[in-house]
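S.K.: In order, the protein sequence lines correspond to chains A and B.
200 is the number that the working numbering gives to position 200 of the first sequence; each next residue is one higher, with no gaps.
260 is the number that the working numbering gives to position 260 of the second sequence; each next residue is one higher, with no gaps.
By construction, these hints were calculated from the structure, which means they are not laboratory data.
Errors might be hidden in some of the hints.
Which copy is meant is left open, because identical chains are indistinguishable; a pair holds if it fits in one copy or across any two.
[What the hints assert, rightly or not] 30 angstroms max Cα-Cα, derived DSBU-like pairs, lysine-lysine:
1. 321 <-> 4
2. 339 <-> 219
3. 3 <-> 321
4. 339 <-> 3
5. 232 <-> 53
6. 390 <-> 294
7. 390 <-> 321
8. 229 <-> 219
9. 219 <-> 47
10. 123 <-> 321
11. 294 <-> 88
12. 321 <-> 47
2 protein chains.
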Amino acid sequence: MIKKNRLFTPGPTPLLPAAQTAMASYGAHHRTADFRALFARVLADVKEFIGTKNDVLVLSSSGTGFMEASVSNLTSPGDRVLVLTAGKFGERWASLAKAFGCSVETVTAPYGETFSLEEVRRKLSPTIRCVYMQATESSTGVRHDVERIAELVRTSSDTRPDTLLVVDAITGLGTTRLDVDDWGVDVIIGGSQKALMIPPGLAYGAIGERAWQRMETAKSPRYYFDLRKERKSAAKAETAYTPATSLFAGLAAALDYVRQMGDGNLAAGRDALIANAELCAAMTRAGVEALGLKLFAPSSPAAALTAVAAPAGVDSTAICKRFRDQFGAVVANGQAEMKGQLFRIAHIGYYDYLDTVGVLAALEHVIAEATGRPVEFGCAVRAAQQVYAKVR
Amino acid sequence: MIKKNRLFTPGPTPLLPAAQTAMASYGAHHRTADFRALFARVLADVKEFIGTKNDVLVLSSSGTGFMEASVSNLTSPGDRVLVLTAGKFGERWASLAKAFGCSVETVTAPYGETFSLEEVRRKLSPTIRCVYMQATESSTGVRHDVERIAELVRTSSDTRPDTLLVVDAITGLGTTRLDVDDWGVDVIIGGSQKALMIPPGLAYGAIGERAWQRMETAKSPRYYFDLRKERKSAAKAETAYTPATSLFAGLAAALDYVRQMGDGNLAAGRDALIANAELCAAMTRAGVEALGLKLFAPSSPAAALTAVAAPAGVDSTAICKRFRDQFGAVVANGQAEMKGQLFRIAHIGYYDYLDTVGVLAALEHVIAEATGRPVEFGCAVRAAQQVYAKVR
């Protein structure tokens with residue numbers, strides 16, 4: 001049977017056709033009025049998409065580049081930082097901060113869970129310069145409570161405004177509500193290959209005033225990721241270094257699409273995109289549970305993706321392989337030491353009803369063959385349909 | 001919810017991404033060595049795809065253009081021709097033949113059925129110059145028995161070799177087995193926007209020696225569709241008039257894809273494409289019947305598409321509208337006087353498992369809402385999955 005290339009991975013995600021066309025046809029030089037107009041428009045639209053009054057930057061790098069920038073621009077060697085970690089991306093924050101010579105405190109939650117707010121409160125102290133966290137931890141499918149943690153950072157110590165909150169929302173933006181300014185998030189980070197439906201290569205983010213001030217004294221080395229330099233260039237609708245021009249053209253097309261989803265209003269479109277991910281996720285969770293499988297993150301599941309525990313005695317590597325070989329569907333395995341234990345189905349960005357029931361129907365065959373036990377065909381699909389029908 | 005543009009129509013069909021890329025990037029002039037090389041390659045590949053030793057032509061027109069060519073090049077005004085008609089495309093043959101002044105005999109089957117071979121035999125006579133038919137009638141979802149009818153034309157009268165058999169296989173090629181040369185089909189016609197997965201704009205076909213001979217005496221007027229002129233040009237790897245160049249680039253990419261489906265063998269790839277359509281169709285028929293719906297062409301269903309009778313009291317126009325509005329899925333209504341009575345789901349070309357179960361799951365919602373009667377969610381999907389699991 002024909003197998004279309006179908007990404008169900010939490011980034012890269014399925015490409016928006018209008019963005020593909022825009023990328024294929026874009027060829028302007030970056031030091032021209034044409035590109036400056038495109039760049040200015042993208043910055044304004046990203047600002048509206050994030051929903052912030054803060055300055056917005058788009059870097060030509062993956063999301064990890066913006067994560068690094070949030071360490072190198074905001075810390076000095078020896079600074080104490082607090083990393084909230086509950087998965088591979090939380091661990092990345094810790095590695096990054098260590099690489100720049102920070103003294104790293106952590107609040108850790110087991111894989112598949114979110115943090116104890118009480119523990120976060122206890123770890124916050126006047127000497128913590130930055131708190132680093134994820135909005136959604138894509139390695140485990142968990143949604144963290146950014147609003148609550150921001151409130152703790154803001155109120156639980158008299159150290160505020162010295163402690164900055166940096167949120168990696170690379171899979172969070174466009175899949176979960178984030179009132180960045182209201183909650184007092186100092187830096188928020190997104191990536192192009194997630195809810196914005198284009199390939200990897202751009203990272204975007206919003207940076208608040210207190211973070212800009214910190215940069216004046218932060219001494220960690222940075223050059224390509226020097227955010228003050230980017231800000232100065234952006235004020236002239238330019239980038240400091242050569243930007244990934246075609247990806248900007250794609251991003252503009254994707255933001256137009258999101259605006260159309262909101263009938264001309266980009267913020268409404270973003271909310272519709274979030275609602276889409278929430279519905280795909282709710283359908284998928286229902287389907288997975290109807291199949292007798294266990295969610296890997298049952299208590300705080302993200303809408304970005306659904307992580308599913310491999311059934312007893314089955315390696316999730318085999319499940320991912322069956323998905324790919326039999327259906328052309330690329331489902332993500334667990335990462336690092338979680339490899340083999342779970343698989344992950346994404347709902348970030350450009351997914352619709354047919355994608356969602358399709359991957360569940362495929363999952364029924366995959367589980368039947370991987371476990372060797374009978375599966376009632378249609379049971380996962382039906383559960384998903386019941387969720388869908390209720391919302392309709 | 002996001003609604004992707006999803007064509008389930010029996011042409012145009014979903015586009016092959018590799019063909020889209022090839023079309024977007026192709027810009028050669030048509031009177032160059034570059035285009036001649038592309039054109040020669042496409043002709044050779046189309047020949048292998050059809051599976052014929054006859055000369056192959058590709059015209060820059062829709063399939064109807066090649067149908068017209070098969071009338072204007074093979075008949076003279078006043079010629080008696082026999083049209084086998086069981087739907088809107090059979091009726092098109094009759095209209096075309098009349099437009100060129102032929103005296104048209106018909107064998108008619110009711111919509112949803114195929115011809116009585118006995119009646120075909122009775123209507124064949126020494127004075128019939130051409131027999132025109134479809135391989136699959138896309139307006140009703142019926143597969144006609146080309147092999148049997150070819151045999152009748154070949155053996156049932158002593159008029160052979162004077163009676164030519166012309167088969168519109170526009171939706172037939174790549175969805176049903178057609179041993180053109182063995183069966184003695186004089187002209188067979190295909191279209192680009194069907195099993196070959198590119199947009200409309202090219203028609204292709206194979207023309208046997210007896211048809212070429214007929215053209216020497218046929219007096220109907222033709223110019224753009226003068227096949228002898230095209231044949232002469234093709235011998236020099238050229239087209240008589242300006243060809244739709246980017247579509248040729250797309251066709252080349254699509255034929256490469258089919259060859260890959262056959263592990264390097266184009267004929268094997270075509271057979272795999274046919275098997276794909278057969279499986280999608282079998283899954284869809286099982287799903288439709290599990291939902292309690294009636295097939296419009298139960299006795300001789302084509303693999304190209306499944307035509308489904310609208311349930312009692314429901315206009316199929318409303319069904320098509322729900323598909324489009326709610327799921328972004330474009331399903332075809334009945335044509336002309338069949339409008340409102342049936343809807344059609346295609347399996348031609350680039351469809352996979354997820355497409356097939358996805359449209360069936362959507363159909364369950366559509367039928368539940370259109371009829372107002374309860375539907376057991378998952379029942380159509382399950383029936384399709386059972387068909388799939390048996391083949392695996």
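S.K.: Next step is simple, just say for each hint if it's right about the structure.
M.R.: Now for the hints, and whether the structure bears them out:
1. 321 <-> 4: For residue 321 and residue 4, both the intra-copy (15 angstroms) and inter-copy (26 angstroms) Cα distances are at most 30 angstroms.
2. 339 <-> 219: So residue 339 and residue 219 fail the 30 angstroms test inside a copy (38 angstroms) and across (73 angstroms) alike.
3. 3 <-> 321: both (13 angstroms within a copy, 28 angstroms between copies)
4. 339 <-> 3: Cα proximity of residue 339 and residue 3: one copy only (25 angstroms, versus 33 angstroms across).
5. 232 <-> 53: Within one copy only: 17 angstroms inside a chain, 68 angstroms across chains, cut-off 30 angstroms.
6. 390 <-> 294: both (23 angstroms within a copy, 28 angstroms between copies)
7. 390 <-> 321: Classified as between: cross-chain Cα gap 21 angstroms, same-chain 33 angstroms, threshold 30 angstroms.
8. 229 <-> 219: within (15 angstroms within a copy, 78 angstroms between copies)
9. 219 <-> 47: within (28 angstroms within a copy, 69 angstroms between copies)
10. 123 <-> 321: Classified as neither; 42 angstroms inside a copy, 57 angstroms across copies.
11. 294 <-> 88: within (21 angstroms within a copy, 52 angstroms between copies)
12. 321 <-> 47: neither (39 angstroms within a copy, 37 angstroms between copies)
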